[in-house]
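Peer 1: Respectively, the protein sequence lines represent chains A and B.
Here my numbering is used: position 147 in the first sequence is 147, and no number is missing along the way.
Here my numbering is used: position 99 in the second sequence is 99, and no number is missing along the way.
Because the hints were derived from the structure by calculation, they are not lab data.
Small disclaimer: the values here were computed from a predicted structure and weren't measured.
For every residue, glycine included, the Cβ atom is placed at its ideal position computed from N, Cα and C.
Keep in mind that a hint or two might mislead.
One side of the interface only, derived from the structure: several residues of chain B facing chain A at Cβ under 7 Å [as the list claims (entries may be wrong)]:
#, residue
1, Asn110
2, Asp135
3, Ala162
4, Met163
5, Thr270
Stretches of chain A that chain B covers, calculated by requiring three or more beta carbons in the stretch to come under 8 Å of a beta carbon on chain B [to be verified]:
#, stretch
6, 240-246
7, 688-694
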Amino acid sequence: MPENSILGSSPLRKEGRAKVLGEAKYVDDLSLPGMWFGATVRSTIARGKIRKITFSQDVNWSEYAIVTASDVPGENTIVHLTRDHPCLAAEQVNHPEEPILLLAHPDKKALLAATAGVHIDYEELPGVFTIEESEAAVENGDTERIIWPGSDAGGTANCFKQYLMYSADAKDTEQGLALAFENADYIVQGEYSTGAQEQLYIENNGVIAECNKDADGRVTDVCVRGSMQCPYYLVHALTLVFGLPEEKCRVIQTETGGAFGGKEDFPSVIGSHAALLAMKCGHPVKITYDRAEDMAATTKRHPSRTRHRTAVSKDGKLLGGTIEFAIDGGAYATLSPVVLSRGTIHAPGPYKWPYLRVRAKAMATNVPPHGAFRGFGAPQSLFALERHMDKVAKVVGLTPEELRRRNFLSTGDCTATGQPLNDPVDMQKLLTRALEEHGYHEKLKRFAEENKHSSIKRGVGFATFMHGAGFTGSGERRLNSLVHVEVNADGRPNLLVSSTEFGQGTNTILCQVAAQALSLPYENISIAQPDTRVVPNSGPTVASRTAMIVGKLVERACKKLLTTLQDYASLPPQHTPGEFRKAAGFYVAEHGSLRSSVRYEPVKPIFWDDELYRGDAYPAYAWAVYVAEVAVDLNTYMATVTRFDALQEVGKVMHPVLAKGQVEGGVAQGIGYALYEKCVWKNGRMLNNQMTNYIMPTSADLPPIHVHFEEVPSAHGPGGAKGIGELPMDGPAPAILNAIENATGVAFHSIPLLPEDLFERFASFTERAHGGSEELDGSIDRDTRTEVDA
Amino acid sequence: MRSDVTQFELTAPATLTEVLRRLADNPGRHTVLAGGTELMVALNTGRLATHSFLSIQHLRELRFIRETPDTIQIGAGATFTDIRGSKIICAELPLLAQSASWTGSVANQNRGTLGGNICNASPAADTPPALLAYDANVTLISAASMRELPYRDFHLGYKRTAMRSDELLHTITLPRIYAGHRQYIRKVGTRNAQAISKVALAAIALVEAGRIIDIRVGAASLADRPLRCTAAETVLIGQTIGGEGMEALVRKARAALAGEAEPIDDIRSTAKYRIAVGANLLEEFLRSL
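Whenever a hint applies, use it, and build me the whole structure from the sequences.
Peer 2: Pasting the structure below:
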């Protein structure tokens, strides 16, 4: 890397100025001529047949555009991996808040009375609302509660997907497991669970759609602009809903105020809805959700349950293990199979398992479909694993540190999927440094002493983990991502990618990569607004893939561009910006335009077997050790994180300020996941769908977060970078619960862990235990009764 | 926004007299709007039942903090920010200043008023426990009359108060007698800021020669209204702090509080938790005496 490297420095964000000055236009700031507004009529029950839809006499319906399932010109589906998810419910609803009917009107206010004026009669059917209820229906052959029939994509009754993953050949592994459990000095079992979590981006979901028709009234093309992560996902959804070819479905990403996965799959729903209304009324239509609708009706993180059974020797060596991982997918398959996949592959963690079997499944329930959220299954299975490792340590009589040290993967080892770790991995060193940075050992001693005399119990705990960057297995090859770099007439390079900026820094880091590769100033590089008419499909902005995968493509495209200019426009090998401009100008004059395109190619061969679920699961992994210090107040049973240290090895750090921000934000989100954010459900409906009663931590609840990096350049990303986006979501929850066990001596296995849950455990020594925060009654709110229907 | 604001009527009468006249002319028709920090939440969620509002936000005569030799008088229109910023309140009524600092956000505190906080009558409201502990009086005015009553008699039930529909809360009066008292307040919310109480306790006690000769305890979220904990006070008054009987006294006080509290399971917490933590807070106070 040359000196004055732009990669590794922290230039101003490309869109930062517009955001700071309030000039950035979000979808709700935009208006198109003649634009109408749309609203969604949703199911009020969890499951049932739609008997009849009636329209109130009090509304002048001739002013409104009304869309039902029968208006869908193409296929009534929101396509993800299967086509089970209707765009609008036709005969039956399968979760509360399911869209049934759409309304549009030129005056947004007029939608309030109209939405209330649509009455839907149902024949209610019994629902299932938890993993356990869904499983029980299958086990008992309770056909009334089989809420999802199966699919041709591997789904069975009530189960969207199953995986069976072995650490080697299935038969050998089963034999090895049998022997391991027979010979084990200890067998440690545990069950762990995690709750749903709302993404809580600042900007709610919103889009504006346009639709053109030919003389016969047939839809010729549609265009949707809005807040989203993956413009080409929406293109795909629109092609089915309208029966149009891709090039007739244009999608433009507008400035996006946060996403966290919540705008990965969902924009396909709201985008299709707005386009249908635009088709019906002949005007552009804007739909923006308010917070309550966004929280009640859109996706959340999948709740999970993980069961561990582990064979250990008395010196703390893992001999074998079985992991049963289950997630609650909600009413439709959506992305659950891939969330399950990532959760399954991360379930073994950064450890050597001589014999391991992971059995995983995604169950159907009558709640709104759960979807993508930062971490994508990994926070769930890693929470279970890292709590379980502390339990194993306790049983064996080792410290949590020593147990992990005896089982860490290191360079040259194979992961549980059989992937050889050829790139350097040093978890031992990471652990040593993280514990030192935190003052872990000193605190361990001091708190043990101080806690004897205090009603505030302090403790420390940590989690060691990894996160795979990029799509799983053969996913990147299937995506076949494409990027263009073009040089404008003024000699300035412009990046054309479908990777989106939603606060995390895509624009900035990709421009840094280009500046570095082209030896040009960062300020000279621009990046196009993602508009599918202009930018190629460089894949979705998900899976911690943008920096590493798309960054590498940008780097390659830029190098190719330089070669072109060197070969055909006499650009010298070491050039100044002026020489570049001159050469580019010369080339454009000669050839009309200058554009370099590259497609994804693995840096090294990647082998993956989808059938056996074995091989190179990810091109590269980020490795991390997170350490939490907590204080548990026995007067209030509140656990507070008082300091947090996050150490990670993410390859080359491209932009230290943004990278630190990613980690701080992820840790804050992880603290919310662990201790505050509980979705209160009743019959599949979220009752606390407001920011006053869905308790996201504030800055007053967050500790100092110390972010540390180890930099080990990776061949897979530009300048040695790997993925970072999701990693910080994985570690906080188990580290915090491990610290709470250290502080109080009481082990907790479920998150979110609220004060009511701590109270139950401490109070239950003298009285009968009950449900803790499970007894929260979401239908009652004495402070602001208006919030919730009593 | 789930309400159509064109469907609401908002009047801002120029004078207090005019407000009172309108309240008298059509008792129960109008809802008084001070800071609006509660009502606007209901408006946004589309659950604001009444449709006619009389704004008193601009009435300067309701926004004051005055001292007399024996009392501190706070106008119903004084904001949380006014209260937090008042030197005399911070010095003499620290529990009130503290509770005002806990309410909502700074923006809420700039608009929200003490009168609104009391009249909204949420059992979880932040300032009532302190006002109960300080034994405040409230002055209610109407077009026809003016009356004063002890604040402890103000809350009659869930969001029901002693205020008639033609009346307005004018002044909250607090005695200046707490210089020698031990004072305690703690809010246990769902988080450390922007939170509604799961339980909160405010208490004052005067201890002389080891004996409690004056004590008052107010609590939030332990009943359907802000709760003056008289049963606990009765157990404690006249008792000796510290010494042999302390453990028994703490137990009796906890039991008395648990006996008079009637909390519920709701969206924020459970009844069991509220009782236990309320008792823990009381114990924390007693052990600090």
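Peer 1: Hint by hint, note whether the structure agrees.
Peer 2: Now for the hints, and whether the structure bears them out:
Taking 7 Å as the C-beta contact cut-off toward chain A, the hint placing Asn110(B) at the interface is violated, the least distance being around 18 Å. Hint status for Asp135(B): violated, given a least beta-carbon distance of 24 Å to chain A, over 7 Å. For the restraint placing Ala162(B) at the interface with chain A, the shortest Cβ-Cβ distance is roughly 19 Å, beyond the 7 Å limit, so the hint is violated. With its C-beta approaching chain A no nearer than about 18 Å, Met163(B) sits outside the 7 Å limit, and its interface hint is violated.
With a least beta-carbon distance of about 5 Å to chain A, the hint placing Thr270(B) at the interface is held under the 7 Å criterion. Only residues whose beta carbon comes within less than 8 Å of a beta carbon in chain B count, and the stretch 240-246 of chain A has 0; fewer than three means the coverage is violated. Given a C-beta distance limit of less than 8 Å, the hint that chain B covers the stretch 688-694 of chain A holds, as 4 residues qualify and 3 suffice.
Taken one by one, the earlier hints fail for this structure at numbers 1, 2, 3, 4, 6, listed in ascending order.
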